[in-house]
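Protein sequences, first through last, are from chains R and L.
Take the first sequence: its letter number 198 is residue 198 in this note's numbering, and every next letter is one higher.
Take the second sequence: its letter number 64 is residue 64 in this note's numbering, and every next letter is one higher.
If you are wondering where the hints come from, they were derived from the structure by calculation, not from laboratory data.
Some hints could be false.
[To be verified] Partial list, derived from the structure: chain R residues whose beta carbon lies under 8 Å from chain L:
hint : residue
1    : N160
2    : V258
3    : K343
4    : A347
5    : W351
6    : I404
7    : S407
8    : A417
9    : G420
[What the hints assert, rightly or not] FRET-style restraints, in silico, Cβ to Cβ:
hint : chain 1 : residue 1 : chain 2 : residue 2 : range
10   : R       : N244      : L       : S15       : 37 to 45 Å
11   : L       : K23       : R       : V222      : 38 to 46 Å
12   : L       : N69       : R       : T248      : 43 to 51 Å
13   : R       : Y68       : L       : K58       : 51 to 59 Å
14   : L       : N69       : R       : L128      : 43 to 51 Å
15   : L       : K50       : R       : I265      : 32 to 40 Å
16   : L       : L62       : R       : F300      : 45 to 53 Å
Each residue gets a CB set at the ideal place from its N, CA and C atoms; glycine is no exception.
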Amino acid sequence: MLVAQIFAVIIFVAMFTMIVLDKYEKQYVTLGCGLLTLIIVFGICMQSMSAILETLNIRSIFTLPFWYAGASAEESSSGINWSTIIFLAGMMIMVEGMAKAGFFRWLCMKLAKAVNYKPLPLFIVFMLMAAFLSMFIDSITVILFLAAVTVELAQLLKFNPIPMIISEVFCANLGGSATMCGDPPNIIIGTSLGYSFSDFVKNTGLIAVIALVLTIIYFFIVYHKQLNTTNGAAIDISSMPDPNEAITSKKDFAVSCVIFGLAVILLITHATTGLTVAFIGTFIAIITVIANHKDLKIIFSKVDYKTLLFFIGLFIVVGGLEQTGILEIIAGFIAKISGGNIKLMIAIVIWVSAIASAFIDNIPFAATMIPVIKSLAATQVVDLETIAWALSMSTDIGGSATPIGASANVVGTSVAAKSGHPISWAEYCKTAAPATILVVLISMIIIFIRYC
Amino acid sequence: MEKQLIISIGREYGSAGHEIAEKVAKDLNLPLYDRHLLDKLAEEKGMNLKNIEKYDEKPRNLFLSRNVNGFSNSFADTVAEMQFKLNDPPKMVHRSTIPSTC
């Protein structure tokens, strides 16, 4: 077993290093390392066919609880989390349908018009919108459209888009932490540990709402001087882009709004209906495909297959660590340091996760930590739910601290740079890092008060 | 990826390297990448030329930047991409390039 453990760790470290170095596309890295895990760790070292089958986890797809289950039905956290992959694929297809119809640009422009294109109200409205949309849609898509509109409006209204983009990115990450489907770590946590959409809303959602109010106040204090550029000068609203111009087809637009509404309703009610996220993802994908049958080529060509493949490889590599007992050793180590003190243990999970997520991709980190918190909860007095919310908040929020912490940050800063507004690390971290510390601190305090 | 023809021309003062590069680019129907590209970029994006020059032809910092779905937050990458876009109208995406050092 020791040799298998050593190889599992080597493969995992190599995968992480290659992801950071970004020399090869991330899906090839995780799939390659996944294959090595299957061959070397499970095949040669452990000679265990059952470990391979358990990690590939394909059998689970053909069971009823995978598609229809009570809200508390727990799925196997070992190996490939097919629920996450199927759900993400479904949501990607839905989002492409919405983007094609012009939904996001229309929404951004409509809100800008509603506040009469005044930079300060725009600043607050866009932060709220980033947070709200990211609760249901991946933050990359949200920021892609929001940052593009922000840059466009900044040129027309003559304000600096950087403060707005940094705030939007932060709020998108925060909004993502509020629900089960907002941020990939949450969907992995939810499907692996059997939590429902409403479990997340009641727990991380509450923390996120409180943190969002404070975040908006914080960014307003920090940036209001920079954004108050019009000095009361009248804005010529007629020269602004018409929101309706964004709509490519009224019929497609209406259909995409209905599908999005349906997805939200299905997700909110999935604890009551018993429909799993895998079912919801598949169902939403099917109706998007039916509604857009003429443009399937466009929609499918834009689906991010690379990320889905990245997830498959990642889950196999993490499965290697899990099957060889490495993650139990890490859990034992955390338990030993905290000496059975629950608050200390939660604080360790929160701050280690937040700091790690600020510099490395939070998805592999969260996927690795789930079995760790599971064994912590199994052996210690700490409640699994408490530590799950701690992990969720800290991985989702920690990524906001630096320009490379989360995907939305990279996309937001890239859109800004392409428009001639490069954002340096110093400029980004000057406001985002204190905001991150503030929100992580608030999350920790709420978790301590509410659960410990 | 389609094969690319890249001709790099070095020069000394008075050698008319720039003029030769222009002629070669015209004859071979290749875009010419020269120093004026940065001026054009600075003007178009309303940026300080010095800020762009700092990142021109620089590799990206592997530890301080990331790439997500083709979006890189390394400004060195962005400067390179902007230069290619300036000289690369979408209808001629795959044509060859002729960088010139003049």
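Hint check: is the beta carbon of R/K343 less than 8 Å from a beta carbon of chain L?
-> violated (33 Å)
Per-residue hint verdict: R/I404, partner chain L, C-beta under 8 Å | holds (4 Å)
So the hint says 32 to 40 Å: do the beta-carbon atoms of L/K50 and R/I265 match that?
-> violated (54 Å)
Given a hinted range of 43 to 51 Å, is it respected by the beta-carbon distance of L/N69 and R/T248?
-> Since L/N69 and R/T248 have Cβ atoms about 22 Å apart, the given range 43 to 51 Å is violated.
R/Y68 versus L/K58 beta-carbon gap, inside 51 to 59 Å or not = Holds: the Cβ-Cβ distance is about 54 Å, inside 51 to 59 Å.
For the hint on R/A417, just tell me whether its beta-carbon gets within less than 8 Å of chain L.
-> holds (4 Å)
Could you check if R/S407 really has its C-beta closer than 8 Å to a C-beta on chain L?
-> holds (5 Å)
Does R/V258 pass the interface check with chain L, least Cβ-Cβ distance below 8 Å?
-> violated (27 Å)
Do the numbers back the hint for R/A347, that is, is its least Cβ distance to chain L under 8 Å?
-> violated (27 Å)
Under 8 Å, Cβ to Cβ, is where R/N160 needs to be relative to chain L, so tell me if that hint holds or is violated.
-> At about 12 Å, which exceeds the 8 Å cut-off, the nearest Cβ of chain L leaves the hint on R/N160 violated.
Outcome of range test on Cβ distance (R/N244, L/S15; 37 to 45 Å) | violated (58 Å)
Holds or violated: is there a CB of chain L closer than 8 Å to the CB of R/G420?
-> Since the shortest Cβ distance to chain L is 3 Å, the answer is holds.
Hint compliance for this structure: hints 1, 2, 3, 4, 5, 10, 11, 12, 14, 15 and 16 are not met, and every other hint is.
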